[in-house]
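In order, the protein sequence lines correspond to chains A and B.
Residue numbering for the first sequence follows our numbering, starting at 1 and increasing by one per position.
Residue numbering for the second sequence follows our numbering, starting at 112 and increasing by one per position.
In case anyone wonders, no lab produced these hints; they're calculated from the structure.
Just so you know, these numbers come straight off a predicted model, no measurement behind them.
Heads up, none of these hints are tricks.
Non-contacting residues of chain B with respect to chain A, defined by C-beta distances greater than 10 Å in every case (computed):
#, residue
1, Ile137
2, Gly164
3, Thr187
In silico DSBU-like pairs for lysine-lysine, Cα to Cα no more than 30 Å straight-line:
#, chain 1, residue 1, chain 2, residue 2
4, B, Lys155, A, Lys58
5, A, Lys103, B, Lys122
6, A, Lys57, A, Lys15
7, B, Lys155, A, Lys5
8, A, Lys103, A, Lys15
9, A, Lys5, B, Lys173
10, A, Lys42, B, Lys126
11, B, Lys155, B, Lys194
12, A, Lys103, B, Lys194
13, B, Lys155, B, Lys126
14, A, Lys68, B, Lys155
15, B, Lys194, B, Lys173
16, A, Lys5, A, Lys57
17, A, Lys58, A, Lys71
18, B, Lys173, A, Lys103
19, A, Lys58, A, Lys68
20, A, Lys57, B, Lys155
21, B, Lys182, A, Lys42
22, A, Lys42, B, Lys173
23, A, Lys42, A, Lys57
24, B, Lys155, A, Lys42
25, A, Lys42, B, Lys189
26, A, Lys5, A, Lys103
27, B, Lys122, B, Lys182
28, A, Lys68, A, Lys57
29, A, Lys42, B, Lys194
30, A, Lys42, A, Lys103
31, B, Lys126, A, Lys103
32, B, Lys155, A, Lys103
33, B, Lys126, B, Lys189
34, B, Lys155, A, Lys71
35, B, Lys189, A, Lys103
36, A, Lys42, B, Lys122
37, B, Lys155, B, Lys122
38, A, Lys58, A, Lys103
Backbone N, C-alpha and C define an ideal beta-carbon position, used for all residues, glycine too.
The lines below spell out each chain.
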Amino acid sequence: QQQVKQSPQSLIVQKGGISIINCAYENTAFDYFPWYQQFPGKGPALLIAIRPDVSEKKEGRFTISFNKSAKQFSLHIMDSQPGDSATYFCASKSGNTPLVFGKGTRLSVIA
Amino acid sequence: EAGVAQSPRYKIIEKRQSVAFWCNPISGHATLYWYQQILGQGPKLLIQFQNNGVVDDSQLPKDRFSAERLKGVDSTLKIQPAKLEDSAVYLCASSPGISLWGGYTFGSGTRLTVV
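Looking at chain A on its own, in the form it has when it is part of the complex (with noise of 0.2 Å):
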């Protein structure tokens, strides 16, 4: 059973272009999604996380668009760069669960 679906498997984009990572949940007791960037060799590292009484959060160059009523959330990184290029998860949890994880999203940044 996956929890949360995460889209596209991978993604090309060039340099200064918009990164859209798209993540889906099932279970509506969810409270917290974040978003987590993951280079080679490393544990993933928290991004930005939104908390469902907002629709959006932005943080520099990465904006969090939340939909309560269609259970979607999306990462948008603006002004992409090669630096950005990295795996990137999206998660839920809520009050004392663990958090759930997405399967991923493989960015490339090309110039």
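Position chain B against the provided structure of chain A, taking the given hints into account.
Frame of chain A; chain B shown alone:
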């Protein structure tokens, strides 16, 4: 602030052998997690500790995997005997509390190859 420390970084063993991984979480973090990350997939929870007690081990293959967190600080994950499908990166993470809002801090993981 020191991060989550894990060792070893890499391990190669033959199937049916045993192996152990060690994790030292961020100081003061009460909650510790072990995740398994198979190549090309997202992390999957194996076990969650709150201090030195197990909160969730529903996805831990208990016939071969075991974990402990003595004194509520360091933790050890063991596999005995290992199977080929156990080849993966084993990630340890910690957080200040079980239900506190906020992300987990992950270590760099131990890459296990079973041959």
